[in-house]
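Q: Chain by chain, the residues:
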Amino acid sequence: MAVLWEGLIQGLLGVWSVARIVIPLMIILEAAGASGILERINRAASGLFRWVGLSEEGAFPVVVAVFFGLAFGSGVIISYIDEGRVSPREVRLIGVFIALCHALVEDTALFAAVGVPVILLLAPRVAAGFLCCWALYCLMLWRNKRAVQPRVVNG
Amino acid sequence: MAQQVNAAVIKRGAVKGIKTTLELAKIIVPSTIVVTVLKESGVLAEVSAVGAPLMRVFGLSADAALVLISGYFVNLYAAVGSILALNLAPREVAVLAIMLGFAHSLLVEIAVSRRAGTPISAVLPLRVGVSLAAGFIAGRVL
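For the record, the sequence lines run as chains R and Z.
Per my numbering, residue 1 is the first one in the first sequence, and the count goes up by one each step.
Per my numbering, residue 1 is the first one in the second sequence, and the count goes up by one each step.
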């Protein structure tokens, strides 16, 4: 009985330490979504994404996934892809990037709540997302030397 | 999509935050209790002895296997629940967090990825592979 009690207390304390961070963050995320800041981040980061083969249009689902995660962001991500707004090649690149690097706000907050330094949570995922996406892009270019710039593909 | 940030938006965010908290409470509390019982009853020690050599590759103690399993198969909340119930060193928690960042909630998220046009045969080896590689590196560096 004492064991169950200890587990319950531990669990509730854990919920509290996570809630304290998740609730304010959800408010900030919601405000960020409404203010159109995601579109601005997308535009600002478009140079960075072009390096890994993603156009501004193709990078938007990535930006959504990075901030909102696969569960909350899946609506936007799937509708973008279903509507054919990105090329099949970009669908692959997006898939690799968001598989490794998504929900950075929620996931980072969760582990920060149990004491892991934020830089250790963010840096490896962002680096691996770009690196693996870039590697796939290089492979695509190598396979198809006639591949054109993504900007032109969508233009 | 761009609109105004007003009270309604703030409220929507707060409601989402509370809903997320309730969702995570439903997972964290039971998983912490289950892991505490497993630990106190000695079952955990027997099971983790099996996984110990593998955990050593990542510089982790045997009990950490439970955190990895709950994170990979269930989700990060379950992993945090396990972390809370075990006495892991801070560097072990950091290694686990890095590994789980790359691969977690695999059953659910792989379904989302598939729906978004990335086949399971690509996304599963990618995520698990990067997770294990990152654990190998982090286990040495941290």
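Incorrect hints may have been included.
What the hints assert, rightly or not - Covered by chain R, per the in silico footprint, the following chain Z stretches (three or more residues, Cβ under 8 angstroms):
{"#": "1", "segment": "43 to 54"}
{"#": "2", "segment": "63 to 70"}
{"#": "3", "segment": "126 to 138"}
Said to hold, decoys possible - If you only want the chain R side, here are some residues facing chain Z, beta carbon under 10 angstroms, derived:
{"#": "4", "residue": "Glu83"}
{"#": "5", "residue": "Leu121"}
{"#": "6", "residue": "Met140"}
What the hints assert, rightly or not - Quick list of simulated restraints, FRET-style, between CB atoms:
{"#": "7", "chain 1": "Z", "residue 1": "Ala7", "chain 2": "R", "residue 2": "Asn144", "range": "29 to 37 angstroms"}
{"#": "8", "chain 1": "Z", "residue 1": "Ala89", "chain 2": "R", "residue 2": "Leu141", "range": "26 to 34 angstroms"}
{"#": "9", "chain 1": "Z", "residue 1": "Arg12", "chain 2": "R", "residue 2": "Met140", "range": "50 to 58 angstroms"}
No wet-lab data here; the hints were simulated from the structure.
Here a beta-carbon is modelled for each residue, glycine too, at the ideal position from N, C-alpha and C.
Q: Give a verdict on every hint.
A: Checked hints:
no.: 1; hint: 43 to 54; in the structure: violated (count 0)
no.: 2; hint: 63 to 70; in the structure: violated (count 0)
no.: 3; hint: 126 to 138; in the structure: holds (count 5)
no.: 4; hint: Glu83; in the structure: 12 angstroms, violated
no.: 5; hint: Leu121; in the structure: 6 angstroms, holds
no.: 6; hint: Met140; in the structure: 13 angstroms, violated
no.: 7; hint: Z:Ala7 to R:Asn144: 29 to 37 angstroms; in the structure: 52 angstroms, violated
no.: 8; hint: Z:Ala89 to R:Leu141: 26 to 34 angstroms; in the structure: 44 angstroms, violated
no.: 9; hint: Z:Arg12 to R:Met140: 50 to 58 angstroms; in the structure: 40 angstroms, violated
Of the numbered hints stated above, those contradicted by the structure are hints 1, 2, 4, 6, 7, 8 and 9, listed in ascending order.
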